[in-house]
Amino acid sequence: MLTREANKRLSYIILVVPTLTLFLLFVILPILYSFFLGMTDWSGYGAFKFIGLQNFRVLFADRVFFIALRNNIYFILASTFGQIPVGFFIAYLLHRKLVAGRVFFESMFFLPMVVSTIVIAILWSNIFSPQIGALSVFLGRLLGKRNYVLPWMDNPNAAIFPICFVLVWKYSGFYMLIYLSALQKLPQDMIEAAAIDGARESQIFFRIIIPVLWTTVQTTIVLSISGSMRAFDLVFAMTRGGPAHSTELLATYMYNKTFEVYRYGYGSAISTMIVVISVLLIGSSMWLTGIRGRAERARS
Amino acid sequence: MKKLHLRLPAILMVLLVFGLPLSAVGQVDQSMGVKLTFLNPFVPGDPTNQFELEIIDLFMEAHPEIQIVQENLQEQQYHTKIQASAAGGTLADLVLLWPGARSKPIVGLGVIRPLDDLLDSDPAWKAKFASAALEGAKFNGKTYLIPREISPTHAMFYNTEYFKQAGAVFPGSYEELKRLAPKAKNMDLIPISLGNRDGWVVNSCYLSTIADRVTGSEWVQDVLDGKAAFTDPWFVRALEVLVDMVDAGLIGEGFNQLNHAQQRVPYYKGDAVMFIEGLWAIQDMIQNCPQEIRDVTEFGIFPKIAGGKGDPNAVSGVAGFGAAITAGVTGAELESAKQFMRFYYGDGAFRIRAYAGVGIGYNVDLDRTRLDPLVVKKLEFLTAHPFSPVYDATFPADAINVVNSDIQAMMSGRMAPGKVADNFQKAYQRAK
Numbered sequence: 001m002l003t004r005e006a007n008k009r010l011s012y013i014i015l016v017v018p019t020l021t022l023f024l025l026f027v028i029l030p031i032l033y034s035f036f037l038g039m040t041d042w043s044g045y046g047a048f049k050f051i052g053l054q055n056f057r058v059l060f061a062d063r064v065f066f067i068a069l070r071n072n073i074y075f076i077l078a079s080t081f082g083q084i085p086v087g088f089f090i091a092y093l094l095h096r097k098l099v100a101g102r103v104f105f106e107s108m109f110f111l112p113m114v115v116s117t118i119v120i121a122i123l124w125s126n127i128f129s130p131q132i133g134a135l136s137v138f139l140g141r142l143l144g145k146r147n148y149v150l151p152w153m154d155n156p157n158a159a160i161f162p163i164c165f166v167l168v169w170k171y172s173g174f175y176m177l178i179y180l181s182a183l184q185k186l187p188q189d190m191i192e193a194a195a196i197d198g199a200r201e202s203q204i205f206f207r208i209i210i211p212v213l214w215t216t217v218q219t220t221i222v223l224s225i226s227g228s229m230r231a232f233d234l235v236f237a238m239t240r241g242g243p244a245h246s247t248e249l250l251a252t253y254m255y256n257k258t259f260e261v262y263r264y265g266y267g268s269a270i271s272t273m274i275v276v277i278s279v280l281l282i283g284s285s286m287w288l289t290g291i292r293g294r295a296e297r298a299r300s
Numbered sequence: 001m002k003k004l005h006l007r008l009p010a011i012l013m014v015l016l017v018f019g020l021p022l023s024a025v026g027q028v029d030q031s032m033g034v035k036l037t038f039l040n041p042f043v044p045g046d047p048t049n050q051f052e053l054e055i056i057d058l059f060m061e062a063h064p065e066i067q068i069v070q071e072n073l074q075e076q077q078y079h080t081k082i083q084a085s086a087a088g089g090t091l092a093d094l095v096l097l098w099p100g101a102r103s104k105p106i107v108g109l110g111v112i113r114p115l116d117d118l119l120d121s122d123p124a125w126k127a128k129f130a131s132a133a134l135e136g137a138k139f140n141g142k143t144y145l146i147p148r149e150i151s152p153t154h155a156m157f158y159n160t161e162y163f164k165q166a167g168a169v170f171p172g173s174y175e176e177l178k179r180l181a182p183k184a185k186n187m188d189l190i191p192i193s194l195g196n197r198d199g200w201v202v203n204s205c206y207l208s209t210i211a212d213r214v215t216g217s218e219w220v221q222d223v224l225d226g227k228a229a230f231t232d233p234w235f236v237r238a239l240e241v242l243v244d245m246v247d248a249g250l251i252g253e254g255f256n257q258l259n260h261a262q263q264r265v266p267y268y269k270g271d272a273v274m275f276i277e278g279l280w281a282i283q284d285m286i287q288n289c290p291q292e293i294r295d296v297t298e299f300g301i302f303p304k305i306a307g308g309k310g311d312p313n314a315v316s317g318v319a320g321f322g323a324a325i326t327a328g329v330t331g332a333e334l335e336s337a338k339q340f341m342r343f344y345y346g347d348g349a350f351r352i353r354a355y356a357g358v359g360i361g362y363n364v365d366l367d368r369t370r371l372d373p374l375v376v377k378k379l380e381f382l383t384a385h386p387f388s389p390v391y392d393a394t395f396p397a398d399a400i401n402v403v404n405s406d407i408q409a410m411m412s413g414r415m416a417p418g419k420v421a422d423n424f425q426k427a428y429q430r431a432k
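Protein chains in written order, with this note's numbering: chain R, 1 to 300; chain A, 1 to 432.
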């Protein structure tokens with residue numbers, strides 16, 4: 001019979017190895033293979049040739065890659081400065097019971113999260129559609145014009161913004177939920193004590209609530225960056241990355257190059273870049289948001 | 001053994017559970033006959049392809065010894081699956097292929113069986129097919145699929161009532177077409193409703209025909225042979241016509257946000273005079289267009305362009321998709337598969353398709369009173385116009401992808417036609 005220690009270790013191994021094996025086989029290995037494919041010219045069929053870093057050289061001169069990157073950054077900004085504050089604001093309102101009907105509002109704000117992204121994409125692209133969309137017809141009636149077309153939808157630099165709007169609409173509920181549960185862990189006695197001591201609402205907010213919630217904020221920023229870098233389904237269903245690549249994302253561009261045009265090598269190079277950029281951005285965000293923590297530890 | 005009286009029933013149960021199915025395996029199903037697998041994109045419940053499933057059922061009723069086991073996938077998934085199966089060597093016995101560049105890689109893998117012997121075995125049957133159908137289905141001179149239809153990708157659906165109100169007739173030249181724009185504007189109508197969000201509408205439905213009017217039909221083969229290039233002034237002229245159409249006010253605004261189905265909506269609502277699309281749109285019109293608009297709808301084609309080398313009566317068109325037999329099918333299964341193909345593309349099947357509105361490229365007598373008037377017009381249209389090549393069925397997908405996005409930018413005034421032609425040529429060189 002084994003010792004207690006050995007027994008414990010054996011239990012850990014038996015419990016972890018199956019999942020770890022699956023994770024390695026179906027997640028890590030394909031990612032590594034994808035890195036490798038990014039250095040070939042494989043078309044999805046037949047043999048391929050190793051071409052080193054040529055795909056990456058072409059990528060860095062590819063105008064569409066940078067348009068996609070720009071759009072992904074807009075998504076990150078919309079998520080970080082749109083979804084998170086909106087989610088937090090609603091959570092704060094509901095937590096502090098500043099409005100009645102908390103359960104109702106919680107459900108309503110979370111509702112877009114449970115609806116399929118494709119359904120949402122069809123809904124909003126029909127609302128925004130020129131001439132026949134609800135918004136266009138409504139504005140057309142208001143302005144007395146038949147077949148009204150919203151001018152900013154045709155502008156390639158602005159076409160991504162309605163999609164950012166839908167993004168904020170859809171995912172704020174998710175962050176609301178995270179912050180609601182985080183707010184419940186607030187030290188009520190500390191807040192009451194501060195109030196008794198004469199602290200204003202804003203002082204309580206910035207000096208007590210924010211520092212307590214800081215790790216949650218850090219986590220939500222990481223989630224929003226990784227989600228934005230991975231974003232695919234909303235844009236794919238709303239605009240397919242068009243018109244003329246103006247709403248292209250890194251993931252939709254990768255999909256287009258891999259599965260629609262059969263350049264698996266180039267598509268794999270794009271997906272490698274998605275991983276690299278995500279790691280850089282998440283690492284930076286954790287370092288930046290960790291500064292506060294480090295500064296406080298240095299002061300104490 | 002201890003407690004045998006408890007263990008024995010357990011052992012017997014296990015033997016029973018495993019024994020029964022094992023005993024059945026020994027008996028081969030003689031009654032089942034031949035089984036063929038058929039991978040297709042006909043999703044049950046989808047009205048546009050319901051009749052295909054009915055034809056397959058009819059075949060199985062007529063031939064109870066042959067069983068067709070289908071795998072029905074939605075179209076996008078179908079394309080992914082057929083690629084994966086072809087590369088992995090696990091293709092079904094029967095599949096559906098597209099003519100031209102779409103299924104060329106699959107045929108190129110050598111996994112599909114040519115059908116020339118099947119067609120030649122019954123010359124009377126072969127003669128019923130339109131030449132555009134069988135010619136379009138060939139790769140390297142061999143026939144790999146039998147198309148169920150021939151499909152012009154260009155027709156101008158126009159509202160004759162509005163023409164009457166404007167005191168105009170359908171234009172006979174490009175200049176006359178442009179003069180329609182101010183007339184339509186006066187009537188507060190969109191001259192031509194276009195939805196190019198997905199990029200292929202202008203390529204398939206506008207450019208393929210317009211370019212043919214300007215360059216002539218041999219030019220495409222010249223490009224494929226390397227004797228001509230997209231940078232030739234003739235092709236650039238064709239692109240300029242597209243820009244000209246936008247500048248002349250012929251195209252409705254917001255065309256880059258509508259897709260091919262949404263471009264029909266202003267026409268159905270009576271807000272547009274025309275829309276341009278392939279004749280496949282008829283199936284949607286029959287279901288969704290109000291009767292009063294359908295009654296006054298006619299089809300025209302793009303008028304003659306001054307100085308153009310092409311036949312002003314031609315339209316761009318392709319043979320449609322069709323069934324194919326995979327190379328691994330032999331013996332009794334092959335005979336059954338051939339029987340299936342003979343039925344699936346025989347008189348009865350084509351009649352069902354024609355009554356369902358499919359533009360069959362096959363000569364079979366039909367009861368025209370059973371057909372929707374639009375379908376009758378379509379069948380007449382099919383025989384009245386020779387076909388010219390469709391760009392996205394002829395050139396590699398990568399190059400088409402590039403030119404489609406560039407055309408979107410060009411028609412919004414953000415790229416010059418010369419640059420579009422240049423990019424197209426470069427992308428084509430890379431992708432060859």
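The set of hints was computed from the structure by calculation and includes no laboratory data. This one's a predicted model, so the numbers in the text were calculated from it and none came from an experiment. Yeah, the Cβ is synthetic: ideal placement off N, Cα and C, and Gly gets one too. Among the hints, erroneous ones may be present.
As the list claims (entries may be wrong) - Cβ-Cβ distance ranges computed for the label pairs, FRET-style:
#, chain 1, residue 1, chain 2, residue 2, range
1, A, Leu6, R, Arg9, 46 to 54 Å
2, R, Gly144, A, Asp225, 30 to 38 Å
3, R, Ser107, A, Glu176, 55 to 63 Å
4, A, Glu54, R, Arg70, 46 to 54 Å
5, A, Asp225, R, Phe23, 34 to 42 Å
6, R, Leu142, A, Asn288, 24 to 32 Å
7, A, Pro290, R, Arg141, 19 to 27 Å
8, A, Glu161, R, Tyr92, 54 to 62 Å
9, A, Leu58, R, Ile127, 40 to 48 Å
10, A, Glu54, R, Gln184, 53 to 61 Å
11, A, Lys185, R, Gly52, 39 to 47 Å
12, A, Leu6, R, Lys8, 47 to 55 Å
13, A, Leu58, R, Leu142, 20 to 28 Å
14, R, Ile127, A, Val169, 34 to 42 Å
So does Leu58 of chain A sit 40 to 48 Å from Ile127 of chain R, Cβ to Cβ? Holds - the Cβ-Cβ distance for Leu58 of chain A and Ile127 of chain R, about 44 Å, lies within 40 to 48 Å.
That 20 to 28 Å hint for Leu58 of chain A and Leu142 of chain R (C-beta), does it hold up? At 55 Å between Cβs, range violated.
So does Glu54 of chain A sit 53 to 61 Å from Gln184 of chain R, Cβ to Cβ? With Cβ atoms ~59 Å apart, the hint holds.
30 to 38 Å was suggested as the range; check whether the CB atoms of Gly144 of chain R and Asp225 of chain A agree with it. Violated, at about 56 Å.
Is 24 to 32 Å right for how far apart the beta carbons of Leu142 of chain R and Asn288 of chain A are? holds (28 Å)
Is it true that Glu54 of chain A and Arg70 of chain R lie within 46 to 54 Å of each other by Cβ? Roughly 50 Å apart at Cβ, these two residues keep to the hinted range, so it holds.
Should the hint that Ile127 of chain R and Val169 of chain A are 34 to 42 Å apart at their CB atoms be regarded as holding? holds (39 Å)
Just tell me: holds or violated, for the beta carbon distance of Lys185 of chain A and Gly52 of chain R against 39 to 47 Å? For Lys185 of chain A and Gly52 of chain R the Cβ distance comes to about 57 Å; the hint is violated.
Distance restraint hint 54 to 62 Å, applied to the beta-carbon atoms of Glu161 of chain A and Tyr92 of chain R: Distance hint for Glu161 of chain A, Tyr92 of chain R holds at roughly 60 Å.
Return holds or violated for the Cβ distance of Ser107 of chain R and Glu176 of chain A against the range 55 to 63 Å. holds (60 Å)
Can you tell me whether the CB distance of Leu6 of chain A to Arg9 of chain R sits inside 46 to 54 Å? violated (37 Å)
Can the suggested window of 34 to 42 Å be confirmed for the beta-carbon pair Asp225 of chain A and Phe23 of chain R? violated (52 Å)
The structure shown violates the earlier hints numbered 1, 2, 5, 11, 12, 13.
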